[in-house]
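Assemble chain B onto chain A, guided by the hints.
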Amino acid sequence: MSERKLTGAQLLLRALRDQGVDVIFGYPGGAVLPIYDAIFGQNAIRHILVRHEQAAVHAAEGYARSTGRVGVVLVTSGPGSTNAVTGLTDALMDSIPVVCITGQVPTHLIGNDAFQECDTTGITRPCTKHNYLVKDVNAVARTVHEAFYVARSGRPGPVVIDMPKDVQFAEGDYVSPEDVVHRTYKPQTHPHKDAVAAAVEVIAHAKKPIFYTGGGVINAGPGACRLLRELVRLSGYPCTSTLMGLGAFPAGDPHFLGMVGMHGTYESNLAMYNCDVMVNIGARFDDRVTGKLSEFSPNSVKVHVDIDPSSINKNVRVDHAIIGDAGITMAEMLEAWKMRGYQPDREALAAWWAEINAWRARDCLRFHQDMAPDAVIKPQYAIKRLAELTAEHKDVYITTEVGQHQMWAAQFIPFSEPHRWMTSGGLGTMGYGLPAAMGVQIAHPDALVIDVAGESSIMMNIQELSTIAQYRLPVKVFITNNQWMGMVRQWQELLHGERYSESYMESLPDFVKLAESFGATGLRATKVSEVDDTIREMMSIEGPVIVDMHVDRKENCFPMIPGGAAHYDMILGPDDRGEQRTSEEGMVLV
Amino acid sequence: MTPQDQPIERHTISVLVDNEPGVLARVIGLFSGRGYNIESLTVAEVDIERRRSRITLVTSGTRMIVEQIKAQLARLVPIHKVSDLTDQGPAVERELALVKVTTDSNRDNRIESLRIADIFRARVVDSTVNSFTFEVTGSSGKLDAFIGLMRPLGLSDIARTGVAAMARGHKGLLQLD
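Just so you know, the sequences run in chain order A and B.
Quick note: the first sequence uses this note's numbering, first residue 16, plus one each step.
Quick note: the second sequence uses this note's numbering, first residue 10, plus one each step.
Okay, chain A solo, but in the shape it has when bound (with noise of 0.2 Å):
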C-alpha cells in the first residue's frame, strides 16, 4: 500500500480509527505531543481528558466491559505509564481488552535515563497479556493492528504500545488490518467435539449438577449468555455466579442460587460444596470461591471450560477439560445434548432442588432495618432502595469501589443482562468505580450510570470528579459512608481481636460541599425515612450526583466464609459468632 506518507502520530490514530475506535482516554506529556497534535487535527476519534492516568484506564475499562468493545488508552512516558500501572493490572486480572499507547523519550535516549524516561515493556511485561516497543515507523500500523487483535482474541486484556517520540515524528508507509496477520497467537476457541460430548454425558447424568459461571461467559458476548439460559432451561439446573459473572443469566429466574464465594449465598457455597457434577463455564477457580482448596467440592466430578489453558488445573484439578469459547462451547453442548436426547434425572433433580431451598430458607442476606423514622441506615437497606427504584429505569449501569459496599452491590443488586456490572473482582482495586462509570456514561450518554461507592475508597479516585464536570458526564456516586475502611474494619473485628489500626477515616471532605465545587449536586441522607427520597432526588436531577449516604457505621458483611475456611464453614450473621474459626493458616491468606 503506497500512499502519501504519514507521521507516527497519524499512522497510529488512522490504525485506531480503522480498528473502530470512537473514544480514548488519555492524559498528554512531552513524549506524546506529536500524537496530540495529530488528535488536535482530525474529529473521527474523540479524545477524553481524565485527571490521573490510572484514571483512564479504569475508564477504558468501563468502556469496555459496558460495550464489549477494546477500551483505549493514551498515556505520556515515565509517570505517566508507571501511573497507569494499576490500571493495567486490573484489566489482567479481570481479562478486560484494553490498548495502551504510552510514549517513550526518543529512540536514541532510552536506557540513559532521560527526562521522564522509564522502561515501560518492562514495567509492563508481568501486568499485560503482551507488549510492544515500536522502534521503526512503518512498523506502527502492524504493530497496533496485532495489539488490538492480541487484547480481544483469546482470554481478553491490556495491551501495551510504547512509542518513542522520534517514530511519532518520524514518516511511514500504512497497512490496513486486513493486511496484518498474526503469527504465533491463535487461541483455541472451538472446542474438540469428544471432550464436549464426554461432558455433556456426565452432566445430563447427574444427580446434584450445579452450574458455577463466570467472567468468561460477559466476555463471550450476549449469544453466549442467552446459550446460558437456555443450557440452565433445558436442564432445570441450579447455576450460581462469581463476582464477574453477575448477570449472564439473569438473578431473577429461579435457578439462581445468587453470587458463589467468600460473601456469596449460603444457598450457592453449600451446593458447590455438595454437588456431584460441577459445570465451570468461564470462571477460574479463584481462591475467594473456593475457599479451603482441600475441601472444595470434594464430591464432585468437575467440568471446566476455559478458554485460556493456563487456567484449567491451576487450583482445581478438574475430570473433563474443555478449551474453548464459552459461547461456542455451550453451542456445541446444547447440540449434543439434544441430539442425544437426554433426559435430566427429575426425581434426583427434585430431590437435589429440595436440598437447595432448605438453604435457601435460611435466608442468608437478611438483615434487620429498624424502620423508625430517624433510625440510623443500614447500608443494605440503601443499596437495596437504590436497586428497587432504579429497576424502573431501564438502562442502568453499576460499577462499584471495593470493600463491603461492593459486595453489598453485588448481593442486593439483581442483574438480569450481562455488561451491566462494572467491578474490581481480581486486583480489588479501591478507586476503580468512579473513573469506570465516566467510562461507561461516554458509551452509553443516555443512561443511568451508578458508582455504588464507600467514603474511602471514593477518595482515590476523588479527581475524576472534573473530569466528569468537563464533559457534563451525569454520574450518580452513591455513597455508603460509614466513615470506615468498612472491609478492613470487618476483618480486624472478626481475625484481629477488634483492634482497629489506620482503619478509621478521619478528615472526610464534606461531600455535599465537595460536589457543588465541581459543579455538581450533592445530597446526604442521615436516617432511614430519608433514602427513598435521596434517591429519587438523585434520579430526577440531569446531571452528576454525589450521594452522601450515612449508614451503620458497624455494620459487617454476610455471609462470610473466613479465609482458608471450607464452604461449609460460613458464618451466616452477627450472632452466628460461635467458636474462633480461623486458623492461623487461614489468618495468612488474605
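Accuracy of the hints is not assured; some may be wrong.
Residues of chain B placed beyond 10 Å of chain A at every Cβ, according to the derived structure [stated by the list, open to error]:
(1) I47
(2) M73
(3) N118
(4) D135
Below, simulated DSBU-like cross-link-like pairs (lysine-lysine); rule was C-alpha separation at most 35 Å, straight line [what the hints assert, rightly or not]:
(5) B:K90 x A:K150
(6) A:K208 x B:K109
(7) B:K180 x A:K208
(8) A:K208 x A:K222
(9) B:K90 x A:K201
(10) B:K109 x B:K151
(11) A:K201 x B:K151
(12) A:K307 x B:K79
(13) B:K79 x A:K150
(14) A:K208 x B:K90
(15) A:K150 x A:K20
(16) A:K201 x B:K180
Hints in this document: simulated from the structure, not taken from any laboratory.
All figures in this text were calculated on a predicted structure; none of them were measured in a lab.
Even glycine gets a Cβ: it sits at the ideal position worked out from N, Cα and C.
Same frame as chain A, but now just chain B:
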C-alpha cells in the same frame, strides 16, 4: 492424593519463539513471577530466515505445576510451540562444559587429569605449564562426574552451557508448524 503431595518431576522443555526483543525476559519473568524453578536454560537463534529461537529449559515441580508451566508458556504471545521432551518419550540431552584445572607443579595431578579427560573423551583446548582447560560434552550427569573427579586435582574454573535437548526419532520441532 492432593496436588501438593504429588512427587516432584524433572522436565526438559523445548520452546520455539519469535526472536524479538524481550522474549527471553517474558519467559524468565514468567518463572520468577509465578515461583517456578529453572534448573537450566539455554537460548539461541535456530532459524535465521524466520527469526526463531529455541529455548531449552529444565524445570522441576509436581505434575500439576509442570502442566501449568507449559500452559503459561504457550500463552505468551510470541511463542510458537512448547514441547515437553520428558513426556514425549526418549530425547537426547547434551551439555558442554569448559573445565580448568590448575595443577601448579604437581606432576601427578597433571597426568591424572589427562587420564580422566581421556576416559571422559574430554579435549584439551588450552594448556599452560601449570594448567589445562578441558572441553567436555555429554549428559549433565556425566559433566557432574567429570567435574567431581577434577575437583581434588586443582579445579579452578567451570563454564557450563546448560542443556540442549532434542526428541529422538524422525520428527523435528521446526517442521511441526
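The hints, checked one at a time:
1. Look at I47 (chain B): its CB is around 16 Å from the nearest CB on chain A, clear of 10 Å, so calling it non-interface holds up.
2. With 10 Å as the threshold on Cβ separation, the claim that M73 (chain B) sits away from chain A is violated: the shortest Cβ distance comes to roughly 6 Å.
3. At the 10 Å boundary, the C-beta of N118 (chain B) stays outside the reach of chain A, the nearest C-beta of that chain being 47 Å off.
4. For D135 (chain B), the non-interface assignment is confirmed: its Cβ lies about 36 Å from the closest Cβ of chain A, beyond the 10 Å cut-off.
5. Our distance criterion of 35 Å between C-alpha atoms is met by K90 (chain B) and K150 (chain A), whose separation comes to about 26 Å.
6. Taken as a hint, the K208 (chain A) and K109 (chain B) pair is broken in the structure, with Cα atoms around 58 Å apart against an allowance of 35 Å.
7. Note on K180 (chain B) and K208 (chain A): the hinted pairing holds, with a Cα-Cα distance of about 27 Å set against a maximum of 35 Å.
8. Between K208 (chain A) and K222 (chain A), the direct Cα distance comes to roughly 24 Å. Compliance with the 35 Å bound is thereby established for this hinted pair.
9. Between K90 (chain B) and K201 (chain A) the alpha-carbon distance is near 12 Å, which keeps this suggested pair within the 35 Å criterion.
10. Taking the CA atoms of K109 (chain B) and K151 (chain B), the gap is about 16 Å. The hint holds against a cut of 35 Å.
11. For the hint linking K201 (chain A) to K151 (chain B), the alpha-carbon distance of about 41 Å lies beyond 35 Å, and the restraint is violated.
12. The hinted pair formed by K307 (chain A) and K79 (chain B) meets the criterion: a straight-line CA distance of about 26 Å does not exceed 35 Å.
13. Distance restraint check for K79 (chain B) and K150 (chain A): the Cα-Cα separation of roughly 31 Å lies within the 35 Å cut-off, and the hinted pair is therefore satisfied.
14. In summary, the hint linking K208 (chain A) to K90 (chain B) is supported, as the alpha carbons are separated by about 23 Å, within the 35 Å threshold.
15. Note on K150 (chain A) and K20 (chain A): the hinted pairing holds, with a Cα-Cα distance of about 17 Å set against a maximum of 35 Å.
16. Using a Cα cut-off of 35 Å, the hinted pair K201 (chain A) and K180 (chain B) holds, with the two alpha carbons roughly 23 Å apart.
Hint check: violations occur at hints 2, 6 and 11; the rest are consistent with the structure.
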